[in-house]
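There are 2 protein chains.
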Amino acid sequence: MVAQRPIADRERAAAAPDAERSEARRSAVMMDVARLAGVSHQTVSRVLNDHPSVRAQTRDRVLDAMRQLDYRPNSAARTLVTRKSQTLGLVGYETTLVGPASMLYSIEGAARRAGYFVSIASVQSLDTRSVLDAINRLRDQAVEGIIAIVPQESAVEALARVPHDIALVGVGLGEASDVPMVGLDNTGGAKLAVNHLLDLGHERVHHICGPRDWPEANERLAGWREVAGAGTRRAPVALSGDWSARSGYEAGRKLAADRKVTAVFCANDHMALGALRALAEAGRPVPGDVSVVGFDDIPEAPYLIPPLTTVQQDFGGLGRRSLELLMEQVGTGGRTHRNVRLAPHLVVRNSTAPPRSRS
Amino acid sequence: MVAQRPIADRERAAAAPDAERSEARRSAVMMDVARLAGVSHQTVSRVLNDHPSVRAQTRDRVLDAMRQLDYRPNSAARTLVTRKSQTLGLVGYETTLVGPASMLYSIEGAARRAGYFVSIASVQSLDTRSVLDAINRLRDQAVEGIIAIVPQESAVEALARVPHDIALVGVGLGEASDVPMVGLDNTGGAKLAVNHLLDLGHERVHHICGPRDWPEANERLAGWREVAGAGTRRAPVALSGDWSARSGYEAGRKLAADRKVTAVFCANDHMALGALRALAEAGRPVPGDVSVVGFDDIPEAPYLIPPLTTVQQDFGGLGRRSLELLMEQVGTGGRTHRNVRLAPHLVVRNSTAPPRSRS
DNA sequence: ACGCCCGATGTGAGCGTTAACACTGGCCGC
DNA sequence: GCGGCCAGTGTTAACGCTCACATCGGGCGT
Numbered sequence: 001m002v003a004q005r006p007i008a009d010r011e012r013a014a015a016a017p018d019a020e021r022s023e024a025r026r027s028a029v030m031m032d033v034a035r036l037a038g039v040s041h042q043t044v045s046r047v048l049n050d051h052p053s054v055r056a057q058t059r060d061r062v063l064d065a066m067r068q069l070d071y072r073p074n075s076a077a078r079t080l081v082t083r084k085s086q087t088l089g090l091v092g093y094e095t096t097l098v099g100p101a102s103m104l105y106s107i108e109g110a111a112r113r114a115g116y117f118v119s120i121a122s123v124q125s126l127d128t129r130s131v132l133d134a135i136n137r138l139r140d141q142a143v144e145g146i147i148a149i150v151p152q153e154s155a156v157e158a159l160a161r162v163p164h165d166i167a168l169v170g171v172g173l174g175e176a177s178d179v180p181m182v183g184l185d186n187t188g189g190a191k192l193a194v195n196h197l198l199d200l201g202h203e204r205v206h207h208i209c210g211p212r213d214w215p216e217a218n219e220r221l222a223g224w225r226e227v228a229g230a231g232t233r234r235a236p237v238a239l240s241g242d243w244s245a246r247s248g249y250e251a252g253r254k255l256a257a258d259r260k261v262t263a264v265f266c267a268n269d270h271m272a273l274g275a276l277r278a279l280a281e282a283g284r285p286v287p288g289d290v291s292v293v294g295f296d297d298i299p300e301a302p303y304l305i306p307p308l309t310t311v312q313q314d315f316g317g318l319g320r321r322s323l324e325l326l327m328e329q330v331g332t333g334g335r336t337h338r339n340v341r342l343a344p345h346l347v348v349r350n351s352t353a354p355p356r357s358r359s
Numbered sequence: 001m002v003a004q005r006p007i008a009d010r011e012r013a014a015a016a017p018d019a020e021r022s023e024a025r026r027s028a029v030m031m032d033v034a035r036l037a038g039v040s041h042q043t044v045s046r047v048l049n050d051h052p053s054v055r056a057q058t059r060d061r062v063l064d065a066m067r068q069l070d071y072r073p074n075s076a077a078r079t080l081v082t083r084k085s086q087t088l089g090l091v092g093y094e095t096t097l098v099g100p101a102s103m104l105y106s107i108e109g110a111a112r113r114a115g116y117f118v119s120i121a122s123v124q125s126l127d128t129r130s131v132l133d134a135i136n137r138l139r140d141q142a143v144e145g146i147i148a149i150v151p152q153e154s155a156v157e158a159l160a161r162v163p164h165d166i167a168l169v170g171v172g173l174g175e176a177s178d179v180p181m182v183g184l185d186n187t188g189g190a191k192l193a194v195n196h197l198l199d200l201g202h203e204r205v206h207h208i209c210g211p212r213d214w215p216e217a218n219e220r221l222a223g224w225r226e227v228a229g230a231g232t233r234r235a236p237v238a239l240s241g242d243w244s245a246r247s248g249y250e251a252g253r254k255l256a257a258d259r260k261v262t263a264v265f266c267a268n269d270h271m272a273l274g275a276l277r278a279l280a281e282a283g284r285p286v287p288g289d290v291s292v293v294g295f296d297d298i299p300e301a302p303y304l305i306p307p308l309t310t311v312q313q314d315f316g317g318l319g320r321r322s323l324e325l326l327m328e329q330v331g332t333g334g335r336t337h338r339n340v341r342l343a344p345h346l347v348v349r350n351s352t353a354p355p356r357s358r359s
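Residue numbers (our numbering), protein chains in the order written: chain A, 1 to 359; chain B, 1 to 359.
These are computed hints drawn from the structure, not numbers from a lab. This one's a predicted model, so the numbers in the text were calculated from it and none came from an experiment. Incorrect hints may appear among the rest.
Simulated DEER-style distance windows between Cβ atoms [claimed, not checked]: (1) Ser45(A) with Arg129(B): 26 to 36 Å; (2) Glu324(A) with Thr82(B): 33 to 43 Å; (3) Gln124(A) with Arg139(B): 28 to 38 Å; (4) Glu175(B) with Arg341(A): 47 to 57 Å.
Where a beta carbon is used, it is the ideal one built from N, C-alpha and C, also for glycine.
Kindly generate the complete structure, drawing on both the sequences and the hints.
Structure follows, in structure tokens:
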């Protein structure tokens, strides 16, 4: 095996019969194309960049030469001189939550359409240090802008510390910072959910909330509290979860044990899923006995038992909007101090119904 | 020594001793660091690349200057001259399936540890053309290698057409190609699931399979058929799904209508989730009346109703292994003709039990 | 017909880095 | 004591591209 290596190597480097080089064939560069087309390298460059003043005939000759040589512009050389890498950075949290994943794809798609590449830097935890490290990695690659999907308070701090001369957009991070942000109207979404339950006739709406250091969880909590505790009503104490089905299950068990509970708003679908199971185990039929509303509208939501009423987030739209916001900054060179909030949308399925006791 | 800095300075910008020039301040380059440290730019380069022959004292001076100027090496310039971009490409399918998402993160993490960046190119559909386009986009960025997570037959064809001088690894694409592959032992995993059901005493094990143009679906189908139809047994006809909960639900309804059905193996957890709901609706308790096994072990699996017995895939491991395989190629410059199969693992929960009729 | 301007093209100079080689001294061996 | 070597450093030339400017015909106004 070890003795084989040199041979294989020699094969690669073996003298090419047809021409000069003893090295492996270098891929064609602009000069090669120019030579073949009988023009100067600069004309090739012009063709490449759609410069207007190139005769159609010349352009065709050049294009043809490019095709013949399978020419690929060297992006490093171009970046070196133009100081534009045509690359955007994406900081993502290592999670299998559907939101981040689908935003990633929609961002990449939108970036591609805008002529940009996207490079990723993931972080395992959302502490300030890790996020800053990830951003630095991206900066080392000379990205022209960064979208950060790091929806935790500590990460927001990190973003605030990023030098202002670099384009940056945060997604789902609340508003407590001067970094441009894109996010869902979580408070409004929560109200949608709670009002739906209230409209059905429920007296008290319980809540299983997400981690308190996630701005989105807090916003949903606030929205719930505002409506569930309005007028003469008093909002019950919120149960805390961590977005996981497990935590929803545990909170659900507590809720199931209380016969007075008739309505639950969960801060995300995964927790709702767990709650649904806890309720089923406790012999409390949904929606007959207890109504449940989730948040996110994961693809499985329509197929849970029962199909889940939930607040839909348009992750694709979130991704696209964040890219737009970033491109504005890249275009103007300055930070856009603007926050974008997308409107949520309630999807009513079968996990909600009027309370049994009344009407 | 030249008379102070005037000459060099005048070249860079008009007088202005120290204040802001009309232009934005250019970020420091190697030459600036060299000047400040009183050495040549080459010495700075040596420090940067840990070249041994630099006096410790000199190195410290240089390092200090770098820090003072917040110097960041220009990666484009480095790439231009070394012909190494330190970047890997990832072709991913726009899906929210957990598998791809978690592999993405594990690949990025492993790449980072190996000193590489990762750039992504997503495809909306897995036809040959789209995949080839995505690969070309990556090639335009001069990536040093590509990992493709495009688990569909047509995509496999596309990979086979990629020039052999570019490092490439496919994930979850079966074996029908000469491209190095990493994947789970799907056939073995299916056998694990079916044997588990058989061992419990079930006579016939039904199957809801994934799309037939996905190699992984076929492998699972083959594994099921081999065991479920062994000996005197005859395997039932497989119902076809498309990985979605919806398709699982529909197949589940058909199965639920047949009282003789006692055991179902679903090609993934999402379809199992749908099947679970269909069974529940039809009043066929799981596992009392029907046993169900899934595949993947999604995070929600333990919280379904009932908790799902399933075949676990180690997505993180898959990602890491594919990176290793790619790095081997990048290291040696040749394709590694080697396929890696990871062993699956059965996780028994509460969706499986012996059939009611016997024992 | 003359100068002018403009469309079409070529020339030269960088962009910031690494590679290859040249140049210092000081220390070694004999 | 002198050639040689080696650690430590500087000098110069790429790398492949774009930008600014130079060049060169020819149509056009007067």
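Here's how the hints hold up against the structure:
1. About 29 Å separates the C-beta atoms of Ser45(A) and Arg129(B), a value consistent with the hinted range of 26 to 36 Å.
2. Remark: the range hint 33 to 43 Å for Glu324(A) to Thr82(B) is upheld by a beta-carbon distance near 36 Å.
3. A hinted range of 28 to 38 Å for the beta carbons of Gln124(A) and Arg139(B) is consistent with their spacing of about 30 Å.
4. About 49 Å separates the C-beta atoms of Glu175(B) and Arg341(A), a value consistent with the hinted range of 47 to 57 Å.
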